[in-house]
Amino acid sequence: MAEENVPHLFLECPLVRLLWRRLKEATGIFDQFDTLDGLWEAGRRLKRRGDQSVMGKISQSFVLAVLWTMWLARTHRIFRNTSIYFENLWESVVYFIKR
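If you read the sequence shown in our numbering, its first letter stands for residue 1, the second for the next number, and so on.
Hints in this document: simulated from the structure, not taken from any laboratory.
Just so it is clear, the structure is predicted and the values come from calculations on it, not from any experiment.
Heads up, some of the hints might be wrong.
[What the hints assert, rightly or not] Simulated restraints on C-beta separations: (1) Phe96 <-> Leu36: 27 to 33 Å; (2) Arg80 <-> Gly38: 30 to 36 Å; (3) Asp37 <-> His76: 15 to 21 Å; (4) Arg17 <-> His76: 17 to 23 Å; (5) Asp34 <-> Arg99: 26 to 32 Å; (6) Asn81 <-> Glu41: 18 to 24 Å; (7) Arg80 <-> Trp40: 27 to 33 Å; (8) Lys24 <-> Asn81: 17 to 23 Å; (9) Glu3 <-> Ile97: 16 to 22 Å.
Virtual Cβ for every residue (Gly too), placed ideally from N, Cα, C.
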């Protein structure tokens with residue numbers, strides 16, 4: 001099992017890599033990130049562009065939804081001993097976007 005740290009949870013975990021790939025497929029904007037700095041820089045680029053388009057707003061929300069979903073999944077795995085499945089994670093991301 002890989003060491004759990006911030007880069008692992010949000011960038012390196014196989015499930016989060018799938019979420020970032022799905023995000024790229026859904027928006028066409030985000031690539032796979034190798035560092036947290038790269039993730040934050042992508043968010044800053046959208047903000048600097050003043051991207052107020054629907055896709056820009058969705059993309060910004062997706063990033064936050066992915067981070068939140070992974071944090072919740074980790075918490076549930078540790079404290080509730082629940083299994084984590086990709087499709088459930090993706091459904092959670094979409095749920096948070098729609099809220």
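Hint check results:
1. Phe96 <-> Leu36: 27 to 33 Å: violated, 20 Å
2. Arg80 <-> Gly38: 30 to 36 Å: Roughly 31 Å apart at Cβ, these two residues keep to the hinted range, so it holds.
3. Asp37 <-> His76: 15 to 21 Å: violated, 28 Å
4. Arg17 <-> His76: 17 to 23 Å: Because 19 Å falls inside the window, the suggested range holds.
5. Asp34 <-> Arg99: 26 to 32 Å: holds, 30 Å
6. Asn81 <-> Glu41: 18 to 24 Å: Violated, at about 36 Å.
7. Arg80 <-> Trp40: 27 to 33 Å: Hint holds: Cβ distance 30 Å, inside 27 to 33 Å.
8. Lys24 <-> Asn81: 17 to 23 Å: violated, 32 Å
9. Glu3 <-> Ile97: 16 to 22 Å: violated, 30 Å
Hint compliance for this structure: hints 1, 3, 6, 8, 9 are broken, all remaining hints hold.
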